[in-house]
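Under mature numbering (1 follows the signal peptide of the UniProt record, and there is no 0), the residues of the sequence shown are numbered -21 to -1, 1 to 1076, in order.
Certain hints may be false.
As the list claims (entries may be wrong) - No farther apart than 30 angstroms at their CA atoms in a straight line, the calculated lysine-lysine pairs in the DSSO-like style are these:
no., residue 1, residue 2
1, K510, K606
2, K545, K622
3, K606, K583
4, K622, K501
5, K96, K113
6, K493, K589
7, K552, K510
8, K553, K414
9, K414, K303
10, K670, K642
11, K606, K501
12, K857, K545
13, K493, K527
14, K527, K642
15, K622, K606
16, K840, K501
17, K303, K630
The hints are simulated quantities; they were obtained by calculation from the structure and are not laboratory data. Predicted model only: the values in this text are computed from it and were never measured.
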Amino acid sequence: MGHFRTVIGLRCVILWPVVVAATLLSVAVTTKPAHAFEFVDQPRSRDSLEGRNTILQCSVDDDTNVEFKWTLEGEDIQDDDRRSVTDGDLTITRVDRVLDLGEFRCVATNTVTSESKTSDPAELNIIWIQPSAKVTLKSPDSLDLIKEGSRVTLNCKVDGNPPPDIVWYRDKVRLEADENIELTRSRLRLRSASTEDSGVYSCIGQNRAGQAWSSGGNLTLTILDADFPINQESPEDVLAVVGTSAQFRCSFSGNPNPDIEWYFRRSNEGNNVVHLANGTSTRIFPDGTLHIGDIMLTDEGTYICIGRNEVGEADVEAQLVVAKVEDLPNLGTRMVPDGEPLSVNCTYPYGETGGMPTPQISWLDQSKAPISVNPDDRVHTVGGTLLVFNRLVEADNGNYTCKAVNSAGEKTTQLGVVVATVPEFTVRPQDTAEKEMTDAWLHCQADGNPKPQIRWLKKDNSELQDSRFVTLDNGTLHIRNLMMSDEGVLLCQIATIAGSDVAKATLSVIPVLKFSPPPNSKPLERNEDSKMVCRATARTPPIIRWFKLPDRLARWDDHINETDGKLSFHPAKKSDAGRYMCVATAGNEVINITVTIDVFERPKFTILPKNMTGYEGYSLIMDCQAKGDPLPRITWLGIAPAKVEAPHMIKLDNDSLLIDEIKASDAGNYQCIAGSDAGLSNQEITLTVKKGTPPGSTPFTPQLMHRTIAIAVGCALAYIILVVGLMWWCRQRRRKQRRLMKEEAAAAEAAAALGPGAAGADGEVAKLNGSLPHPQAKTYHDEEQKAAAGMSNGDMAMSPLTKGAAGRRGSYDKLQFPRHDLQTLVVIGHGSYGEVFLARAVGITEGVEATTVMVKALQSKNESQQMDFRREMDMLSKLCHENVVKLLGMCREAEPQLMISEYLEWGDLKQYLHATRGENGTTNVPPPFTLAQKLDVINQVAMGMEHLASHRFIHGDFAARNCLLSPAMETKVSLMSVSRDLYRAEYHEYKQKLVPVRWMPAEAIFEDELSTKSDVWAYGVFVWEVFAQGELPYKTLDNDALMRALLDGNLTLETPAGTPDEVEILMHRCWAESAKERYSFSDIVLALQNISPDSSV
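Sequences are here, hints too, so could you generate the full structure?
And the structure:
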């Protein structure tokens, strides 16, 4: 298409007073048509191997609004599973020398201007070779005419493109041209035949498409003297079906008459030749004919006939091929929109014939009738293998059969065709109005082929992510526990591959009167301004009032102000404590809620401790007193290396600390801590120790020294007497104990003989506690008890140093374990204290030679971490519950200190949950927990955490990674906390500490308010982990985004699939924004007892 010219004729008439002239003006304008394009890449003729893939390229310089199609010999090419057009290029898979013969052209058309251009033609030079070759005798006309000295010409018949090169063999030895052998193209000529030229002649034709052997078409040439065995009748190759019979005829002439023997070489067994004789399936007749009956697959191979006399021997051979047909490939199901074309090719994989002889492939329709081969029919076949639908209609639905047939039988495969139609609504969703906090049902149904997929979407076409929205199998949308935010337009989308449709429905939520959020009981600090807020929502603005119970008619004191649901105290007084009711009214609806207000006073020092100087050998008193409501308790702590140690340090009744006979090691910093449920206050002082005499004191005199010596000698004598007395007393006590043990053993044998019922009350106690009661050691406190004062909110009760401190030291002494009996097995990871590893502890468990234990090493020099380590050790030593790991021992005689605790065989629960998902490199994936097992695990852990809470201990790092699991599904709460490496990704550095923010509520992170209620929040996340198979909570959020969402109150976890409704409710109660609204662990245990594995999911 070239440029075009536009001629415009303009006629101008000019009126002049004398002359009227007419002028014709012709203007030629040259332009270029819009959207013109030219070919950049045109298809080029190329070589292509038959059965391989090839691409013919086609592109233009400006493809805006340009569509491409291809033609072959002027006929449009339709996309099918063998030929397709992509971005202008024509891709041909499995090139066929018949179907792809001719000129290909690319046609580009501009859909706006209708301008069309056709490329230059291109042809495929298809490289191919026929499957097999055959050796024929060209001259003389018959093998019988060949004698010594004859001129013999053989021809290798094999076709291909390009013409194959021929290689000749005699008895499988390659032949080269020489004085007697002439090789020309496909011919072999023997100028003068001799006995040495006798043998089996074969050939190979080869080109770029491959090789063709004459294995089934060899020629045996025998040129012998009259006495030598000469083959008169050669056996012919046989193609037989399993179960039939075959015969090979063979005869030789010679002088004397040759004997005939038969041998068999099975396919693929090399030179392993078996001599044949008469048997059940083989028989050799007197004339040399071999008969094989009841043919099996194992009979396939080469049969060799040998004629032998005293002059020599000769052999000929033939092949027995057992007919077979292979299974056709699975064609599956094709789903295509109504009116679209479809082509499916049914062939064996490239390079496979599919059987012997090559099977013939044909197609049958849904009624098993042959499909037309007429290309004018809408449904027809091409070449027997290609099924073509020019345009699909609904009647084409069904299964089509591809059949491969040869003499061995037939094989079939099914093709499913689904003609997809555009879906239509049978039930459209209707506008619905329901009350808040009730359920709503929106119905939507559709019909189509295949069954339409029904999805519910928001107005902006986004997915409904909330787990309260459930789409049932029939398309109905069930919305549980309606919220005001659910109000709006919802879309029901129906779709098949043929198309889709959308219907709208408006959901109106009728608000009900409710507290939003409900007020909570809270403590108020005395003499500080405070407020209580009560908010409610309804269809009309509610009226909100506060009342102090029991007198709802009493007027508020002057320092209390009530405005729009806000109760303000300016300031709070002790008399303000009590029960308050918030009442909300809207129309005829009235709701109320009662809360309790406590008024407290934080601990304040009335006598502040001061820095002091002490003198060695003399006494000193450090004073410290505090007030508050409730009355605070005073605890003295030494800051390392200083220690508060009995017996020379005693806390007096007035809370002062008395240090008797000061030592140089007592120098250092000390803390006085005043603590109550209202909070903590502390004051740090420094004690300086000097040598010498305090000012105003009398120094030691010789008389005083003598008196001191006398007292020391007297004490030593008294000590010796006491030791001797104790030894005698212990000896008597041991004798008494041995006598009692013998009596108990005899009583036990008698009880066993009487039967189970004789156990009595003591037996019941043993059953309940797991073992018979043991004598309880006297308890007293060690310095480890001091760390308890570091916890906030009173959840860990502080234990001041008193006379009862001796028992704790005694229990610690019992837990001392020899360091040399620990054999390190493997390092689990590193925590804030140091290394955490598994070890083999010899003799730590009674009756067991060695036990695998978990060991935490205190390698940190940080004082606060050292205190936390002692606190943790103190906590474990106090706990005794089947779902909490036991403290088995400790090594404190040298650095680093070691804490030895119980370990279970399957390790931490997080690793097991990951393993059930095929992670952590596991090859044998364990089965996921059943619902019953999940409920059992979270119930065990809840009971363990309830035990911690009942002892007023806070875990602070509770998660699946800190629970241990045994093969018997026994689960225990532990304090592994490998935050430095193994689970580093689950911690976030905040305020120079590694914090498990994904398991913590906002008040624990931003206000440092760790409590049992923050452990309850973590327990809710733990339950989510169990049902989500150990997935990381909020995995789509990084730590900074998570903390922002937590601060804004916008953090939610999607309920994992398969979670019962009751468990989902339990999790959300654990995640209540207000700590007061969260369950206690006792509530959790009670709630789990009412959930069965048959609960609704």
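30 angstroms Cα cutoff - pair K96, K113: violated (49 angstroms)
K303 paired with K630 [C-alpha distance capped at 30 angstroms]: Distance ~101 angstroms between K303 and K630 Cα, so the pair is violated.
Proposed proximity, K501 with K622 (alpha carbon, max 30 angstroms): Measuring from Cα to Cα gives roughly 38 angstroms; hence the hint is violated.
Proposed proximity, K606 with K622 (alpha carbon, max 30 angstroms): With Cα atoms ~26 angstroms apart, K622 and K606 stay inside 30 angstroms; holds.
Distance restraint between K493 and K589, which requires alpha-carbon spacing of 30 angstroms or less: Answer violated: K493 to K589 is near 55 angstroms, above 30 angstroms.
Pair hint outcome, K840 versus K501 [Cα-Cα no greater than 30 angstroms]: Violated, at roughly 39 angstroms.
Agreement of K670 and K642 with the hint, judged by alpha carbon distance not exceeding 30 angstroms: holds (9 angstroms)
30 angstroms limit on alpha-carbon distance, applied to hinted pair K552 and K510: At roughly 12 angstroms apart (the allowed maximum being 30 angstroms), K510 and K552 satisfy the hint.
Given hint K303 paired with K414 - CA-CA distance at most 30 angstroms: violated (73 angstroms)
Given hint K642 paired with K527 - CA-CA distance at most 30 angstroms: Violated, at roughly 59 angstroms.
Restraint status (C-alpha distance of K493 to K527 at most 30 angstroms): Distance ~20 angstroms between K493 and K527 Cα, so the pair holds.
Hinted pair K606 and K501, Cα distance within 30 angstroms: Holds: K606 and K501 sit about 22 angstroms apart, inside 30 angstroms.
This entry does not satisfy hints 2, 4, 5, 6, 8, 9, 12, 14, 16 and 17, going by the numbered hints stated previously.
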